[in-house]
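Generate coordinates for the entire structure from the input sequences, incorporating the hints supplied.
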Amino acid sequence: MKSVALHNLGCKVNAYEIEVMQQNLQESGFKIVPFDSEADIYIVNTCTVTNIADRKSRQMLHRAKHKNPDAVVVAVGCYVQTGAERVEEDGCIDLAVGNNRKKDIVDILNAFLKERENGGKAGTASDIIDISNAREYEEMTLSRTAEHTRAYIKVQDGCNQFCSYCIIPFARGRVRSRRKEDVLEEVRNLAAKGYREVVLTGIHLSSYGMDFLGETGEDYLKPGGDLRQQAMDRGFLISLIEAIAGIDGISRIRLGSLEPRIITEAFAERLAAVKKVCPHFHLSLQSGCDETLKRMNRHYTAGEYYEKVEILRRFFENPAITTDVIAGFPGETEEEFERTRAFLEKVRFFEMHVFKYSRRKGTVADRMDGQLTDAVKTARSAVLLALEAKQSREYRASYIGQEVEILIEEQKEIGGKRWWVGHTPAYVRAAVPADEGRELSANGLCRGIVSGFLTDEIVSLNFSGK
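In this text, residue positions in the sequence shown follow our numbering: the first is 1, and each later residue adds one.
For the record, the hints were derived by calculation from the structure and aren't laboratory data. Where hints are given, some of them may not hold.
Okay, derived cross-link-like pairs now, DSBU-like style, lysine-lysine, Cα gap no bigger than 35 angstroms in a straight line [claimed, not checked]:
1) K276 x K103
2) K31 x K12
3) K2 x K390
4) K377 x K356
5) K346 x K294
6) K390 x K377
7) K12 x K377
8) K276 x K180
9) K12 x K180
10) K412 x K67
11) K275 x K65
12) K65 x K114
13) K275 x K390
14) K180 x K31
15) K56 x K356
16) K276 x K67
17) K31 x K356
18) K361 x K275
19) K103 x K12
20) K65 x K103
21) K103 x K275
22) K12 x K193
23) K180 x K222
24) K417 x K377
25) K356 x K12
26) K67 x K31
27) K56 x K294
28) K222 x K361
29) K12 x K361
30) K12 x K2
31) K56 x K114
32) K56 x K361
33) K67 x K114
34) K390 x K412
35) K222 x K356
36) K103 x K56
37) K56 x K2
Here are the in silico distance ranges between beta carbons for each label pair [as the list claims (entries may be wrong)]:
38) G362 x R447: 42 to 52 angstroms
39) G303 x A382: 18 to 28 angstroms
40) A342 x V106: 48 to 58 angstroms
A quick note: this is a predicted structure, and the numbers were derived from the prediction, not measured. By construction, the Cβ of each residue, glycine as well, lies at the ideal position given by its N, Cα and C atoms.
Right, here's the structure in full:
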């Protein structure tokens with residue numbers, strides 16, 4: 001029995017895919033071992049969203065080969081997809097597997113091992129398709145997950161947006177959506193095993209179902225045109241959410257990152273009618289300055305973004321709005337940065353993921369004039385991170401004195417005392433004392449009154465019942 005060690009880099013979609021790969025390998029007789037141990041085979045599910053992500057991917061691949069020079073090192077995913085030539089030149093990589101081929105990792109690996117045993121040719125073997133022409137969704141099904149209460153469900157792949165800073169459309173290809181029937185079957189199986197919450201994820205989740213209208217590279221969220229109207233009339237994503245809500249055992253449905261333009265009055269109204277939907281919405285922003293947004297090739301203005309936030313706040317009580325922001329995009333002046341800072345202050349986010357702009361070869365932004373120094377990007381990032389910490393604490397504090405429900409995920413020791421820890425529907429981390437005799441456990445729902453802060457990121461509850 002050969003041992004396999006796996007390591008994941010990047011997004012929640014990657015995390016879902018590596019869990020399926022691990023599951024399939026284990027079911028096929030491979031022994032799964034920790035990545036820091038000596039293994040016969042190392043698989044790194046790579047990321048390429050920035051040059052830094054590329055470097056991390058290379059580091060993990062080289063670390064694996066250093067750990068066991070005789071091991072088979074397999075590079076999988078986005079780094080492979082966008083850099084086939086550099087992968088083939090890397091002596092640490094024995095096998096390269098691109099996107100839309102992860103579901104076949106067992107067959108690909110077995111074929112490689114058999115060829116090697118028969119004295120196959122030297123060098124890096126590869127299995128990489130032309131992702132830009134891929135039209136079939138890569139069906140993968142997860143039967144279990146490392147988390148005990150929450151399961152991430154991949155429902156969509158690919159992106160048609162082509163933001164000027166982003167390489168992902170070249171790594172993941174065009175929009176491809178999973179059949180509703182397959183999603184529902186996976187959710188039913190996970191619910192039967194005790195999972196209470198599902199998180200719908202995708203590379204561009206808001207484009208779910210666009211490809212059901214026919215093969216197209218268009219952006220159906222752009223105003224005007226029959227494609228947008230057809231997509232909105234059919235409501236592919238909201239229809240999927242409504243169907244999942246009908247599955248017994250599922251208590252919560254959480255959404256991954258959404259494109260702001262999908263938020264309409266009609267969409268929000270239907271979403272709010274699904275009581276299992278968590279009031280936690282990640283709306284990607286990137287900048288609060290219209291000029292910067294235009295250079296980024298984002299298809300909305302700051303004003304339009306704010307309107308979407310206000311729609312959600314009309315239909316949901318105190319929803320948690322989270323976002324991504326890039327600090328120091330090429331050409332960003334002090335005035336533009338100040339507009340972004342002021343806009344973020346106006347919106348009042350629960351959490352912001354703040355990133356310093358990182359140049360990525362192959363993107364339009366990499367060739368733009370006005371590249372800023374790392375010192376400037378670091379200083380601007382620090383300002384936004386301070387604002388994020390302030391807003392995040394204020395949002396958590398808004399729940400003090402209110403009764404909330406948490407889905408318990410684990411028991412842990414904090415400050416010398418045992419606590420049951422979980423998340424509220426708005427994804428505020430909260431804890432209730434694990435008093436002796438209390439009948440609570442992971443996978444259970446618990447209600448309590450928020451009494452204050454246990455730590456900077458966890459609020460405490462006074463137990464009020466299951």
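Here is what the structure says about each hint:
no., hint, result
1, K276 x K103, "holds, 31 angstroms"
2, K31 x K12, "holds, 24 angstroms"
3, K2 x K390, "violated, 50 angstroms"
4, K377 x K356, "holds, 6 angstroms"
5, K346 x K294, "holds, 21 angstroms"
6, K390 x K377, "holds, 20 angstroms"
7, K12 x K377, "holds, 26 angstroms"
8, K276 x K180, "holds, 18 angstroms"
9, K12 x K180, "holds, 20 angstroms"
10, K412 x K67, "holds, 33 angstroms"
11, K275 x K65, "violated, 49 angstroms"
12, K65 x K114, "holds, 20 angstroms"
13, K275 x K390, "holds, 30 angstroms"
14, K180 x K31, "holds, 33 angstroms"
15, K56 x K356, "holds, 17 angstroms"
16, K276 x K67, "violated, 46 angstroms"
17, K31 x K356, "violated, 39 angstroms"
18, K361 x K275, "violated, 44 angstroms"
19, K103 x K12, "holds, 16 angstroms"
20, K65 x K103, "holds, 24 angstroms"
21, K103 x K275, "holds, 34 angstroms"
22, K12 x K193, "holds, 21 angstroms"
23, K180 x K222, "holds, 24 angstroms"
24, K417 x K377, "violated, 41 angstroms"
25, K356 x K12, "holds, 20 angstroms"
26, K67 x K31, "holds, 18 angstroms"
27, K56 x K294, "holds, 30 angstroms"
28, K222 x K361, "holds, 27 angstroms"
29, K12 x K361, "holds, 23 angstroms"
30, K12 x K2, "holds, 28 angstroms"
31, K56 x K114, "holds, 30 angstroms"
32, K56 x K361, "holds, 16 angstroms"
33, K67 x K114, "holds, 23 angstroms"
34, K390 x K412, "holds, 26 angstroms"
35, K222 x K356, "holds, 28 angstroms"
36, K103 x K56, "holds, 24 angstroms"
37, K56 x K2, "holds, 26 angstroms"
38, G362 x R447: 42 to 52 angstroms, "holds, 50 angstroms"
39, G303 x A382: 18 to 28 angstroms, "holds, 27 angstroms"
40, A342 x V106: 48 to 58 angstroms, "holds, 53 angstroms"
Hint compliance for this structure: hints 3, 11, 16, 17, 18, 24 are broken, all remaining hints hold.
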